[in-house]
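Protein chains in written order, with our numbering: chain C, 8 to 472; chain R, 8 to 472; chain P, 8 to 472; chain F, 8 to 472.
FYI, nobody ran anything at the bench for these hints, they're computed from the structure.
Some hints here could point you the wrong way.
Given that identical chains are not distinguished, each listed pair holds provided it fits within a single copy or across any two copies.
[Stated by the list, open to error] Derived pair list, reagent style DSSO-like, types lysine-lysine, alpha-carbon separation capped at 27 Å:
no.	residue 1	residue 2
1	Lys89	Lys40
2	Lys361	Lys76
3	Lys89	Lys76
4	Lys40	Lys18
Source: prediction; values computed, not measured.
So you can see what is in the structure, the chains are spelled out below.
Protein chains: 4
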Amino acid sequence: MNFNNVNIPEKLVPDNYLQLGLAAQRSKQRSFKELLEKRKLPENGWSDERIEELVHMLASLDSNNYPHKVGLGEREARTACKLVARRHYNFGHGIGRSGDLLEAQPKAAGSTLLARLTNALILDLIRGIGLPSCAGCFLVPMCTGMTLTLCLQSLRKRRPGAKYVLWSRIDQKSCFKAITAAGLEPVVIPCLIQGESLNTNVDLFREKIKSLGVDSILCLYTTTSCFAPRNSDDIAEVSKLSKQWQIPHLVNNAYGLQAKEIVHQLESANRVGRIDFFVQSSDKNLLVPVGSAIVASFNESVLHDVASTYAGRASGSQSLDVLMTLLSLGRNGFQLLMDQRGENFIYLRENLRKFAELRGEIVLDSRCNSISLAITLATMAGDQMKSITQLGSMLHMRGVSGARVIVPGQNKTIDGHEFIGKFRLPPQQPASSVPDCSGRNRNNPRGDRQILRYFQQVLEAAFSN
Amino acid sequence: MNFNNVNIPEKLVPDNYLQLGLAAQRSKQRSFKELLEKRKLPENGWSDERIEELVHMLASLDSNNYPHKVGLGEREARTACKLVARRHYNFGHGIGRSGDLLEAQPKAAGSTLLARLTNALILDLIRGIGLPSCAGCFLVPMCTGMTLTLCLQSLRKRRPGAKYVLWSRIDQKSCFKAITAAGLEPVVIPCLIQGESLNTNVDLFREKIKSLGVDSILCLYTTTSCFAPRNSDDIAEVSKLSKQWQIPHLVNNAYGLQAKEIVHQLESANRVGRIDFFVQSSDKNLLVPVGSAIVASFNESVLHDVASTYAGRASGSQSLDVLMTLLSLGRNGFQLLMDQRGENFIYLRENLRKFAELRGEIVLDSRCNSISLAITLATMAGDQMKSITQLGSMLHMRGVSGARVIVPGQNKTIDGHEFIGKFRLPPQQPASSVPDCSGRNRNNPRGDRQILRYFQQVLEAAFSN
Amino acid sequence: MNFNNVNIPEKLVPDNYLQLGLAAQRSKQRSFKELLEKRKLPENGWSDERIEELVHMLASLDSNNYPHKVGLGEREARTACKLVARRHYNFGHGIGRSGDLLEAQPKAAGSTLLARLTNALILDLIRGIGLPSCAGCFLVPMCTGMTLTLCLQSLRKRRPGAKYVLWSRIDQKSCFKAITAAGLEPVVIPCLIQGESLNTNVDLFREKIKSLGVDSILCLYTTTSCFAPRNSDDIAEVSKLSKQWQIPHLVNNAYGLQAKEIVHQLESANRVGRIDFFVQSSDKNLLVPVGSAIVASFNESVLHDVASTYAGRASGSQSLDVLMTLLSLGRNGFQLLMDQRGENFIYLRENLRKFAELRGEIVLDSRCNSISLAITLATMAGDQMKSITQLGSMLHMRGVSGARVIVPGQNKTIDGHEFIGKFRLPPQQPASSVPDCSGRNRNNPRGDRQILRYFQQVLEAAFSN
Amino acid sequence: MNFNNVNIPEKLVPDNYLQLGLAAQRSKQRSFKELLEKRKLPENGWSDERIEELVHMLASLDSNNYPHKVGLGEREARTACKLVARRHYNFGHGIGRSGDLLEAQPKAAGSTLLARLTNALILDLIRGIGLPSCAGCFLVPMCTGMTLTLCLQSLRKRRPGAKYVLWSRIDQKSCFKAITAAGLEPVVIPCLIQGESLNTNVDLFREKIKSLGVDSILCLYTTTSCFAPRNSDDIAEVSKLSKQWQIPHLVNNAYGLQAKEIVHQLESANRVGRIDFFVQSSDKNLLVPVGSAIVASFNESVLHDVASTYAGRASGSQSLDVLMTLLSLGRNGFQLLMDQRGENFIYLRENLRKFAELRGEIVLDSRCNSISLAITLATMAGDQMKSITQLGSMLHMRGVSGARVIVPGQNKTIDGHEFIGKFRLPPQQPASSVPDCSGRNRNNPRGDRQILRYFQQVLEAAFSN
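Build out the structure end to end from the sequences listed, making use of the hints.
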């Protein structure tokens, strides 16, 4: 509904007052036109009201919301519970079309717009923060692990004879299961211990390529964001191998979009070598609820292979979350969060170092990890090794839920593969690792410093016990 | 927050008035206690207010909603956009734990409860509507096709040497792509044309098992709900083969939970044979937005294999939709919808037959399809074959979006497999198929008959043109 | 925001799909244009989505919602709490302009539209249900009593020398206090006991006019809706007096808009005599939360006097409630509620009579009360007079909160005036009165009968104790 | 609903995870208990979620929300439109009881709590910001003007023979109409022009008391907050007269609660003299939508007279707005806004002075007005007097809606009383007045300075034209 061609009588409102009100709508209309026509992320965030208006307008284009819909024989987009319909702004058709996440739905112009506009804005965002070469991307309403699986499945269609995935080890379960879920064979490339940190074993990658044979290898698989003291993988070097041997290269960029260093690393790695896909979690990078990931590529055509591997139509709920969040932040809002994260990281590292020095501990030197920090807990552990696990619950009880306490020497088996906790740094073995140290907190940005100071106090208390 | 141990002073409200108000809460508290302790679907639907109160209470148990949370180093459940947080009732952690959809999350007791309670209520519903042998089930926040893929992937872990999936042909894209997405080899078992309908070729299944060898076959794969004139597969006979040869049997029950006949067929097929999984779409059966499916089994242990094949944590949004919808309907509300659907189906079939008779057309006799009806369009098509495609758009323009007009003789290629449109019923070749004929419409249940009458009018108009 | 002149690229959505979606908006736009241009209540209720869209559009015309508003020096429509802004759809300016409820606000074209459109729709409703002579009306965001006071205050400006208000007694506090609040002198005209009911003492009105003198009388003041066994006042006869003596006539029509008989009575009384204002409660007639009343008149000019007596700007929240409710019901929805109420009244009366007969009680014959019923409680009371007050709490405990149990012979003093409970019907003295017997319940219309049956059961139980 | 005595099975959630979640609720429960038991404004604002939880809990105590309510014969709190019910959190009964705003409602313990708790928090706020002697206060869901009328009406009951209201002139319509609406006789006491500002003519008050006679005077009526160059009335001196002659004193404190100076003035005026009521607008002081006012007194008993003058039950919507806003701000949030306003006022005054000096204008010296500033527009007006009215629209077009441009020499008639625009300050006659200069903007507190700078630019532009 709009005021065009509606002749509101003077009895309802004096025309001069009305005209002021109508004139005020123009900038809003301009921003709307621009958004749809240029498909660019607005510089400044939109108000809640404007976001909801847009979302309602899109939803009204779906056939389940047509005023004259009859519903006979219709299986789709019927919502029994009003509360559910309301929380989805009356969207119900999902996105994609049986077997292609990027296809348009005849019955759902609005959902189609929702999905594609969201993808366009994400692409604009990614390009703007330091990945101008990114050729395309789209949101997959599955977790990062399953999205990595989807990429692997699409690669298998191109390389049906290949079954090995060469994977630079990182101790996170999902990204490993992504390989076995696809029915492929993981070949683990353990990291090299160099100084106090863990780095990509590029030589071992090369050896394995030669020993297994190029044709049997589906892809090389690296990770950018991880817990210290493991460093971000040396994706530039792996990209060169990928290019040299014509083997696809898949990058797990789980929470890397928020870090300038990683973004820059991706852009330059692609320049010197080859990256087929880099996949990132929406919740961690775009601050939405868990449930979706973004596949991006420097080569648009391969993206369609991934999209058409998804067997069905998918939830549109995640696209909605991302669209609303991006419009709410705007380019500047996202940039501000990135900047704050960077500053907070430095602030925390410095203060953690001072603290460590006083206590006879070490903040491990993992220079190529710009997201997470690790501090040893040797003096605290003392003779009673068990006590350090209590630090975890102490932190948790005090509201610090992002830190992880690691007891060395623990082994784990995932899908039949055993992982041995062999990383040792004499004499400080136990370590606490703080991921994503900023606690990017849009609703309380100024409070971040306070939070970091609080963390220090909790650590102080823990060490003093 | 609750009124227990709160001494509200008389100055705020006279005690006798307050006591009346507090007493009125008791039945609500009882229903809440019962829901959580017995995990059964309430007989009668809950009010919107009660549903939202429950959902808010669950969300408050997640660490991102703790009043004292600090957020330091936290990567999870941070929501930048208030509108997004609000529409998810402040849930953010998703469900499952890296690599198992059924596991509990330490940081998210509320999300864990949400997911498991939803699964428990779905199970109670399924058992109650005619599948008492169902041993377990859970919601997968992916479309039906991808959930079928997940089942296939979990079967592959058990039968690593098997690569063939014997699939009774149905002309729906996603369920076929579910096989190729998993990197498996589909073996298409075309239907037999018997009378006016299409039936499962059980003999060909048997032959293929023998010719390909049991060990090379991952599973048998059938479908219950489909467009007429294809009938529901003869899952009892296929179940027997499955049992006899010890080959898993996967049933695509896409929109079958709403039809008593199919529900009964599943229960009895399992009794005489073997069904490993039956998978159904949530949106079509439970009337929620597109985006999730339910895996159910008569054998609880195999379900865990599926759950642990999912590589990561998943969206909790779909569980929320289903929980709210089930509570809103209650057992009786769901049953009522099933009953109405059944009645509407008969009503439509009878009226469509009368109409067809007058017009020299035939409502195809697909006796084993209790959901969809097909009517020939021979007289309408006449010489101008093209004109029948216009019927589709005529119906659509008039708000009837559930009917499908099929032009015979069209071929299609999916993932390299060609499907030939060879079904012919001389002399009436073109057909219109009405799926899920009830238009189960909770918000306008009494209007269904009206809708069916309307459909007849549109058809009249179409034929008269 | 609207799709006009926005060139959505094919990349976002195929044009033919989009066009379908856009075409579907037309009927909505038509209904919007018609509403504003014709200011008539729609025949059929609008969907929640359409109502909210309209409300948001209106709010966007207020200056506090202008995208470019700066806010410097602004005292108005600043809302500190987002939840509050949200629940008011960002309206904040209220209605009217310092000292006139009907004036337009330069800064708030939207609020102005909201208020005036609401008044126009109420007028259209009132005319449509049987008061075609109604010349105008408007919503006052104060209770019925204070609105009656406002009418009296406006009459005083016209008749500064008059101080008496001749009031046909009814045992309801607010309408009496309306007189004293205005600083005027009430002259109580007790009802005549005729048969089993109480009727207007028209002769006493006439006598008082003569004895006090026309110029000293501000107005005659009658009431249409009341608890049985008092009947609706004989407003036709009082209207004749009003016309004859040129004394204003004010009618308290508290909950009379819902009853055809009363509506008809008002229309015909005006034809034979004079009614200056009839005032009704919004909550009881239009089913909105307590807090506003409607002043209506058969003479538009006197309405402006009332509007300009209000000293300030008023809350717009009540206009919003009424607007949304009227759009949600539509003319047909309101009519349906009126019809159901009428039928339920007859149903209850008949069943209550049967019940009374069995029990040796009487449903008092108050023929001119079409809203409320009274039943004696003589046999129940028996010797223990006190026990009948327990019936009230019994009913309340069982969820019947609309019935009132009256113990005879109680006196009351209001603002210095003593009211004596002298109504006696030997031998049945105590009575229970059931106002507005329908329990008009839009959300459960079919349940009304069930409710009435339930009431009977509770009464049965009470009598059996 | 609450978790007490609910034994959630391990199957739904591991007990240790659940216990963490339950423990986290304790601080919330404590804050809830404290709020209700102590009835004090929390120091820090509550989250939206907590506020809504409280509001829902209160609403659940009202009989219309009882799960077992039957509704038979019930006239009250029936809500036809779900959207309306939702936006009122299912409150429907309003506040007060026929004819007393402060009474409890038997059917509505929740609404009663809502109203009284709100009043208690307002009282706590008022005492805390500098009025410790305030004995009581309550919210009236009518505008400030009508609330002043209500106070006058209640005074008339005590002094039935008095008819004059001695009113220190201020050019605002509603507060004057408050007198005539009550049917009383205003006696205008024009201000004295002293220097560049307008001050209370205390001597004339004294003279009028003597000439009219104490018994014929209902009350003295002053105003604290107004547009410069009128100063706040000298309420201390008028209070002394009030005490000396035993004549009630009514203070219109429209938007004075936000200014420390005025708050202090009220407290000390009461100490040296007598103030019966001070009345303030909720929207301007508490940043809620227009529609309510607060009556406060240093003498609790007189408040009940005002409350019991309201003839009926009133809207609870305004109490809800105020309750939610106060909880959202907390004491500290409100204090912060007050402090910012004070600083912004000084900042604006200084910069406006610098600007005026450059331009040959004067910021009028109205020392006893701490809220509003006036600047002459002599040079701008030049010969073309008309052009200065354009400044108003220039400012408005640029989003500055709070400033008022005043053309000298304009007369106005209100309710038969003529007001002559005789204030002249040679040679600068036209003036622009900026009320409430801070633009207290909770949602953009840091932006205030920016806004003030912007205003300067607009003025610059206006002068340069």
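At most 27 Å between CA atoms: does that hold for Lys89 and Lys76 within a copy, between copies, both, or neither?
Classified as both: same-chain Cα gap 17 Å, cross-chain 22 Å, threshold 27 Å.
Under a CA distance limit of 27 Å, which applies to Lys40 and Lys18: within one copy, between copies, both, or neither?
between (32 Å within a copy, 15 Å between copies)
When Cα atoms must be at most 27 Å apart, do Lys89 and Lys40 count as within-copy, between-copy, both, or neither?
between (31 Å within a copy, 24 Å between copies)
Could you figure out if Lys361 and Lys76 sit no more than 27 Å apart (CA to CA) within one copy, between two copies, both or neither?
between (67 Å within a copy, 25 Å between copies)
The structure shown violates none of the earlier numbered hints.
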